[in-house]
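Those sequence lines, one after another, are chains A, B and C. Counting the first sequence from 1 gives a position; my numbering is that position plus 234. Counting the second sequence from 1 gives a position; my numbering is that position plus 2. Counting the third sequence from 1 gives a position; my numbering is that position plus 5.
These aren't lab readings, by the way, just hints derived from the structure by calculation. Note that the Cβ used here is the ideal one computed from N, Cα and C, for glycine as well. Accuracy of the hints is not assured; some may be wrong.
Interface residues of chain C toward chain B, partial, derived using beta-carbon atoms under 7 Å [said to hold, decoys possible]:
#: 1; residue: Thr45
#: 2; residue: Gly46
#: 3; residue: Ala66
#: 4; residue: Trp140
#: 5; residue: Arg165
#: 6; residue: Val203
#: 7; residue: Phe204
Just the calculated beta-carbon pair ranges, DEER-fashion [as the list claims (entries may be wrong)]:
#: 8; chain 1: C; residue 1: Ala257; chain 2: A; residue 2: Gly441; range: 22 to 32 Å
#: 9; chain 1: C; residue 1: Glu170; chain 2: A; residue 2: Arg415; range: 14 to 24 Å
#: 10; chain 1: A; residue 1: Leu469; chain 2: C; residue 2: Glu170; range: 47 to 57 Å
#: 11; chain 1: A; residue 1: Gln293; chain 2: C; residue 2: Ser219; range: 19 to 29 Å
#: 12; chain 1: C; residue 1: Leu345; chain 2: A; residue 2: Arg248; range: 41 to 51 Å
#: 13; chain 1: A; residue 1: Gly441; chain 2: C; residue 2: Thr171; range: 44 to 54 Å
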Amino acid sequence: MDDLLDITLPALHRGRTRVLASCQLRFAAGEVVALIGPNGAGKSTLLQAIAGLAPEPVQLTRGGRAVARAEIGFLPQAFAVRAALSVLDCVLLGRREALGLRVPPHLIAEAEAMLNRLGLSDLADRAMHDLSGGQQQRALIAQRLFRRPTLLLLDEPTSALDLHHQLETMALLRAHAAATRAPVLAALHDLSLVARYADRVLVLADGRIEADGPPEAVLTPDRLALHWRIAPEVLRARDGKSVIVPHLMATNMQG
Amino acid sequence: MKLATLATAVALSLTPALVHAHEMITDLDGRMVMIHGTPERVALGFYYEDYLAVAGPEGAAKIVSLSRAPWADWRPNQWAAYTKVFPALETLPDFGNADDNTFSVEALIASKPDVAILSTWQTAALGEPAVKQIENAGITVVAIDYNAQTLERHLLSTRILGAVMGQPERAEQLAAMYEAKTADTVARIANAVPSGKKIYVELAQKGPGEVGNTYGKGMWAGVIDLVGGENIAKGQIENWGPLSPEFVIAAQPDVILLAGSEWKNKPEAVLLGFGETDEAAQPKMAAYAARSGWADLPAVKNREVYGIYHGGNRTLSDFVYARTVAKALYPEAFADVDPAAELVEYYKAWLPVAPDGTFVTKLQ
Amino acid sequence: MTARPVPAVVRWRARAARQGVAVLIAALALAVLALFDLITGPSGMTPGALWHAALAGPEGADRAAATIFWQIRLPQLCMGLIVGASLGLAGLLMQTILANPLASPFTLGFSAAAGFGAALAIMGGALVPLPLPGWLLTPFLAFTATLTATALVWLVARARGTAPETLVLAGIAVMFFFQSAQSLMQFMASPEVLAQIVFWLFGSLLKANWVAVSVSGTILLVCLPLLARDLWALTSLRLGEAHAAALGLDVAALRRRAFLITALLTAGAVSFTGTIGFVGLIAPHVARALVGEDHRLGLPAAAIAGALILIAASVTGKMLSQGAAIPVGIVTAVAGVPMLLAVILSRKGV
Numbered sequence: 235m236d237d238l239l240d241i242t243l244p245a246l247h248r249g250r251t252r253v254l255a256s257c258q259l260r261f262a263a264g265e266v267v268a269l270i271g272p273n274g275a276g277k278s279t280l281l282q283a284i285a286g287l288a289p290e291p292v293q294l295t296r297g298g299r300a301v302a303r304a305e306i307g308f309l310p311q312a313f314a315v316r317a318a319l320s321v322l323d324c325v326l327l328g329r330r331e332a333l334g335l336r337v338p339p340h341l342i343a344e345a346e347a348m349l350n351r352l353g354l355s356d357l358a359d360r361a362m363h364d365l366s367g368g369q370q371q372r373a374l375i376a377q378r379l380f381r382r383p384t385l386l387l388l389d390e391p392t393s394a395l396d397l398h399h400q401l402e403t404m405a406l407l408r409a410h411a412a413a414t415r416a417p418v419l420a421a422l423h424d425l426s427l428v429a430r431y432a433d434r435v436l437v438l439a440d441g442r443i444e445a446d447g448p449p450e451a452v453l454t455p456d457r458l459a460l461h462w463r464i465a466p467e468v469l470r471a472r473d474g475k476s477v478i479v480p481h482l483m484a485t486n487m488q489g
Numbered sequence: 003m004k005l006a007t008l009a010t011a012v013a014l015s016l017t018p019a020l021v022h023a024h025e026m027i028t029d030l031d032g033r034m035v036m037i038h039g040t041p042e043r044v045a046l047g048f049y050y051e052d053y054l055a056v057a058g059p060e061g062a063a064k065i066v067s068l069s070r071a072p073w074a075d076w077r078p079n080q081w082a083a084y085t086k087v088f089p090a091l092e093t094l095p096d097f098g099n100a101d102d103n104t105f106s107v108e109a110l111i112a113s114k115p116d117v118a119i120l121s122t123w124q125t126a127a128l129g130e131p132a133v134k135q136i137e138n139a140g141i142t143v144v145a146i147d148y149n150a151q152t153l154e155r156h157l158l159s160t161r162i163l164g165a166v167m168g169q170p171e172r173a174e175q176l177a178a179m180y181e182a183k184t185a186d187t188v189a190r191i192a193n194a195v196p197s198g199k200k201i202y203v204e205l206a207q208k209g210p211g212e213v214g215n216t217y218g219k220g221m222w223a224g225v226i227d228l229v230g231g232e233n234i235a236k237g238q239i240e241n242w243g244p245l246s247p248e249f250v251i252a253a254q255p256d257v258i259l260l261a262g263s264e265w266k267n268k269p270e271a272v273l274l275g276f277g278e279t280d281e282a283a284q285p286k287m288a289a290y291a292a293r294s295g296w297a298d299l300p301a302v303k304n305r306e307v308y309g310i311y312h313g314g315n316r317t318l319s320d321f322v323y324a325r326t327v328a329k330a331l332y333p334e335a336f337a338d339v340d341p342a343a344e345l346v347e348y349y350k351a352w353l354p355v356a357p358d359g360t361f362v363t364k365l366q
Numbered sequence: 006m007t008a009r010p011v012p013a014v015v016r017w018r019a020r021a022a023r024q025g026v027a028v029l030i031a032a033l034a035l036a037v038l039a040l041f042d043l044i045t046g047p048s049g050m051t052p053g054a055l056w057h058a059a060l061a062g063p064e065g066a067d068r069a070a071a072t073i074f075w076q077i078r079l080p081q082l083c084m085g086l087i088v089g090a091s092l093g094l095a096g097l098l099m100q101t102i103l104a105n106p107l108a109s110p111f112t113l114g115f116s117a118a119a120g121f122g123a124a125l126a127i128m129g130g131a132l133v134p135l136p137l138p139g140w141l142l143t144p145f146l147a148f149t150a151t152l153t154a155t156a157l158v159w160l161v162a163r164a165r166g167t168a169p170e171t172l173v174l175a176g177i178a179v180m181f182f183f184q185s186a187q188s189l190m191q192f193m194a195s196p197e198v199l200a201q202i203v204f205w206l207f208g209s210l211l212k213a214n215w216v217a218v219s220v221s222g223t224i225l226l227v228c229l230p231l232l233a234r235d236l237w238a239l240t241s242l243r244l245g246e247a248h249a250a251a252l253g254l255d256v257a258a259l260r261r262r263a264f265l266i267t268a269l270l271t272a273g274a275v276s277f278t279g280t281i282g283f284v285g286l287i288a289p290h291v292a293r294a295l296v297g298e299d300h301r302l303g304l305p306a307a308a309i310a311g312a313l314i315l316i317a318a319s320v321t322g323k324m325l326s327q328g329a330a331i332p333v334g335i336v337t338a339v340a341g342v343p344m345l346l347a348v349i350l351s352r353k354g355v
C-alpha cells in the first residue's frame, strides 16, 4: 500500500514531431504532484500517455506488480457531457465493471457519500446536461474518485470552478490521496494553487521534465521567468505557503 | 377441314371415359393437382371469359370471389355487359390484384372456395409460401396461362379448365375449334408469299403524346410471331415496355397495330371493345397517325394502321386478332376471311353476351 | 431547509420502480395492440371465430379459419413484433455509437443496400446461379447486400477509426453508392418489375411466413445476449468518447461490436419485410422518454417501443383499407411525423 509507483514512458510523438523525451517518474504513496508548464508544453499529452490512451506503451509498476490500465483514474480536460444521465448514475459509472443488472445498494450509498464530499448531494438526481460547467467538472471528479484508482491523473481539474470550489476540490484531492495512499498527478495552471496544495512539482518545458521538487524549490522567479516569460513576485502567505504574483516582463513586447 | 372435324368427333366420343370423379392433372406451373369432383365454389383470378366459355352458363353462379381490378377496371364495358347477365358478379368479394401487390390471401380464403383458378403470373407474383397458404386452407390451386400466346398453352389451359369444372366436352370442342382456326391461319400463310412486313404494336392508352407499351414476348408479340410478322420490338423489349419514338421511326414499320380497350378517364386513348364505336375510334387513331415523324412511315402512308381490342388478347378469342393481323400482312390469302364476323360467331356459340361494339378496325 | 433527505438508495429504487412500471405499461399496450392486430384483417373473421381457430390448432378442421389464423395472421403479427423490436434496438444502438439523436438503422446505408439487393433479385432473379426459389432469393440478396454495405463501412472504420464523423461519412458514401445502383436497376426494369421493386421498398408485412419469422427471430435472439454484455459500456459511451475512454472503455472496439450487431439486426429485419422507416428513428426517443439513458432498461424499452410503433401501424393500415392492406412502411412514415413532433415538443429545451 505504501509502495512507490514507478512510471516508465518512451519518447512521445505527435506525427513525426517528438513532443516529449522519454522519462522515468516515481511517485510516493499519497503524494500530490502538480504538473505545470507553459501552453503547448505537452502536459495533456503526458497525462494521456500515462493513462494508456496514447499509442506509445507505458509501464506502471507498484510494489513489483504491474498496474493495469483499469486501475488508473484519468480526468481529461473539460469535455462537456451532453447526456441525460443523472449525476448519481454518472458517479456510479466510475465503477462500471462492478455493475450488473442490479446495482448493489452499498455502491449507491458509497456514490452518495462521494457526492456529499464534493458538495453535490443536492444535484444527485439532476441530469448531467443540466449542470453548469463547474458542476459537471466536480461530478466527473467525483466519478473518478469513486473509481478508487491506484493512480489519479487530472488535467486541469479546476479550470471551470469558482474560487471556493477550487480550494475545496484541491483539499479534497489531498484528503483522498492521504486516505487511499494513491498518488495524484494534476496538471494545473494556477501556480498559487500549486504552491499551496502540491507536495511536489514537475515542470514540463522544452520537451522534457525540466524540474522536479517541492514547490518552494521549483517555483523560483528565475525558472518562472525562463519558461513562462513573466516577472513574478514570490510572496509568502500567512501560513508560510508561497503565493505567485505574476507581472508581464517589461522588455518583452510580444508577451 | 371435314376430316379434321370427323377426327375431332371421334376423339370427343372417346373422352367421356377419361372423366373421373377424382383425377390428377398437371397445371401450367407444373403443379400436380388432384380434382375431387366438380367444384361448387370457385375463386377466379383471371381469364374470366375463357372460364365462362368452358364452364358454360352454370359457371358464373359458381364464382364466389374474384380479382376484380383486371376485369372491372381494365375492361369496364365488358364487365358491364357480363354483370347485366349475371348481376351477382357485382357484389362478389374482391381478393385484390397481384399486379400491384394488393392480393390478399386472407380474403381469398375467407370466401371459402373449393378451387382457386389463377393465372401463372399471379402465382408467380404471390410466391410459393402464399400459394401454400391457400392450399393449406383446403383450397385447390390451379394455374393456367393464356398470356404466353402459344397454341400449346392455350390448348392445355382450356383442357385443364374443362377437367377442373367438369366440362371436358365443351373444353375439347373449344380446344379443337381454336386449334383448327390456328391451323387454318398458319396454312394460309404458308401458302402465301412471305410478307416480311415489319409490325409495331402499341397499347394506345395514354394518347399520342406519350409512348405506350409495346410487346417483345408474349401477348401481342406472340400473335405477331404466329403470323410470321417481324415485330420491331423483338429483342429490344423483354416482356412489355415503351420503345423510344426515335427507334420506331428508324424501324419504319409497315403495319401498326393500336391496341385499345374500354378504359374510363382516358380521353386520348383509342377506345375499342364493348360499347365502343368505330366513329369515335377513327379520330383517335388518326391522332396517333399524326405523331411527329409518323406521316412518313410506310404503315401510315399505306393506311395499314389497325385498331385491335386489347381485351381480346390472351383469351380463346385471340385467334380473331391473329387473323386480323394476318389479313393485314397477306390480304389475298385472307380475302375471304372476315375476322369481325368470326368474333360474333364465337361469342354466339360460347358466351352469354353479344360483342356489341367495335373490336377490330382500320384507319381510313 | 427540508428535513432528513431521502437516502439515495431509496430514491434509486423508487426510480427503478417507476421506470419498470413504465416499461410494463408499454409492454401491456403492446399486448393489447397485438391482440387487435390478430383480430383485424380483410377476411372479417369475428374474434370468436378466431378464438376457435386458435384453440383448434394449425391442423384444425375448419381449414379456412385455421389457415387464416395460423398461416397468415399469426406470422404477420410475429414478424411485426420481431421487426419492430429489431429496428428499435438497432436504432438505439446507432444513436448511441454515433452520439446523434437523429441517427437510425438506415443512416449507414443499410436500407439502400437492402433495396438494391431486392431490386437485383426481383429483376434478374433468373440470372443469379443460386438454387433458391424466387420468394427466398429476394430476402437472401437483400441480406447479402446489407452485409456487403456493413463490410464496406467496417473496412473504413478499421482504416480510419470509429469516430462518429468517420462512420457517418462512410455510411453516406455507401448509401449513395447503393442508392445509385438501385436507381440504375429501377431504370432498366420493365414497368411491372419496377412496380414490384417500388412496392418492396415501401415495406410490408403481407408476405410474412413462418420461415421468415424463424430467421429474423433467430437473429434477434442471438443478438440479445451479445448486447446484454455491453449494457453498462453503452451507457458509459453516453458520457462522450473522452470520458468513456478515461473510464477504461475500449471505445473503438465497443463501436465496432455495436455496429456489427446493428447491421445484423437491420439486415434480418428488412430483408423479409422491405425497408420500414421511422421505427428505428423514433423508438429510441420513446425509450429515452420512458426510462432515460440507462441502457439496462433502455434497450428493452427501445425494443418494445419499436414493436409498438410497428404493430400500431399494421393495425392502422388494416383499418384504413379493409380490402387491401396499406403497406405498413407507408403508415409508419405517415405516423412517424407526428410522433417526431411530439418528441421534439416534449423535450425540455436542450
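Which earlier hints turn out false for this structure, listed by number in ascending order?
1, 3, 5, 6, 9, 11 and 13
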